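Participant: Given next are the chains, with one letter for each unit.
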Amino acid sequence: MTTLLDALVAFLIVLGGAFALIGSWGLARLPSLMTRLHGPTKATTLGVGGILLASMAWFPLHSQEWSSHELLITLFLFLSAPISANMIAKSYIHRRFRRYSAPEDVETELPAPPGEGTDWATFGSSKFDDTRTGRS
Amino acid sequence: MIDIALKIALACVALAMLLNLWSLLKGPTAPDRILALDTMVINAIAFIMLFGIFADTTVFFEAALLMAMVGFVSTVAYTKFLLRGDIVE
Numbered sequence: 211m212t213t214l215l216d217a218l219v220a221f222l223i224v225l226g227g228a229f230a231l232i233g234s235w236g237l238a239r240l241p242s243l244m245t246r247l248h249g250p251t252k253a254t255t256l257g258v259g260g261i262l263l264a265s266m267a268w269f270p271l272h273s274q275e276w277s278s279h280e281l282l283i284t285l286f287l288f289l290s291a292p293i294s295a296n297m298i299a300k301s302y303i304h305r306r307f308r309r310y311s312a313p314e315d316v317e318t319e320l321p322a323p324p325g326e327g328t329d330w331a332t333f334g335s336s337k338f339d340d341t342r343t344g345r346s
Numbered sequence: 739m740i741d742i743a744l745k746i747a748l749a750c751v752a753l754a755m756l757l758n759l760w761s762l763l764k765g766p767t768a769p770d771r772i773l774a775l776d777t778m779v780i781n782a783i784a785f786i787m788l789f790g791i792f793a794d795t796t797v798f799f800e801a802a803l804l805m806a807m808v809g810f811v812s813t814v815a816y817t818k819f820l821l822r823g824d825i826v827e
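So the sequence lines, in the order shown, correspond to chains E and L.
Residue numbers for the first sequence follow the numbering used here, beginning at 211 and rising by one.
Residue numbers for the second sequence follow the numbering used here, beginning at 739 and rising by one.
Everything labelled a hint here was simulated from the structure, so no lab data went into it.
Keep in mind that this is a model prediction, so the values were computed, not measured.
Mixed in with the good hints there might be a few duds.
Examples of chain L residues toward chain E, derived with CB under 8 Å [claimed, not checked]:
| # | residue |
| --- | --- |
| 1 | Ala784 |
| 2 | Thr796 |
| 3 | Val797 |
| 4 | Val814 |
Cβ atoms here follow ideal geometry from the backbone N, Cα and C, with glycine treated the same way.
From just these sequences and the hints, can you work out the full model?
Facilitator: See the structure below:
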């Protein structure tokens with residue numbers, strides 16, 4: 211029984227390491243940022259998930275102590291990875307299709323946000339100080 | 739068996755972090771570098787967890803938890819700065 215669980219833990223560790231490597235390879239290899247986002251957000255997060263699962267199985271098995279830290283790390287990482295990916299994609303889009311002080315290589319206008327009479331919050335004015343950003 | 743698995747996985751994660759470093763240096767735009775740094779933090783968390791299993795101690799979990807939180811906050815702060823030119827408005 212212990213050997214079986216050991217094999218499971220070893221399998222999870224190798225799987226996690228392989229997924230982390232695949233995600234980083236995708237990040238280094240893929241051509242543009244929108245495709246490059248897929249590697250870290252999916253493969254690397256899965257890899258860390260596998261390693262955390264292995265750790266969650268290994269410590270109760272060998273030292274008879276259980277801690278909630280792995281669960282906390284897993285929860286936090288799986289909550290934060292989509293948000294940071296969304297923020298990076300948004301910053302990429304809003305810099306690529308820039309409305310103010312456009313660089314030379316911009317050829318397309320930023321797509322309109324959904325809803326009537328709304329605008330992207332990125333280009334909205336700050337509530338406290340309009341002069342600082344130079345936008346109105 | 740676990741020793742061999744740990745060594746393989748540690749080598750994989752170390753190679754992954756080297757690839758992250760390469761894409762961090764390569765760029766070419768600021769969001770690319772932020773993405774590379776974010777991935778590097780996630781890989782560092784994986785490395786810390788693996789080293790914790792390797793050294794048979796649970797003291798590294800706090801470090802991993804702190805890195806998860808600080809990495810997320812720094813990524814959001816960088817992208818917010820790129821989007822708005824300001825972090826706390």
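Participant: Which hints, by number, does the structure contradict?
Facilitator: Going through the list in order, the structure violates hint 3 alone and respects the others.
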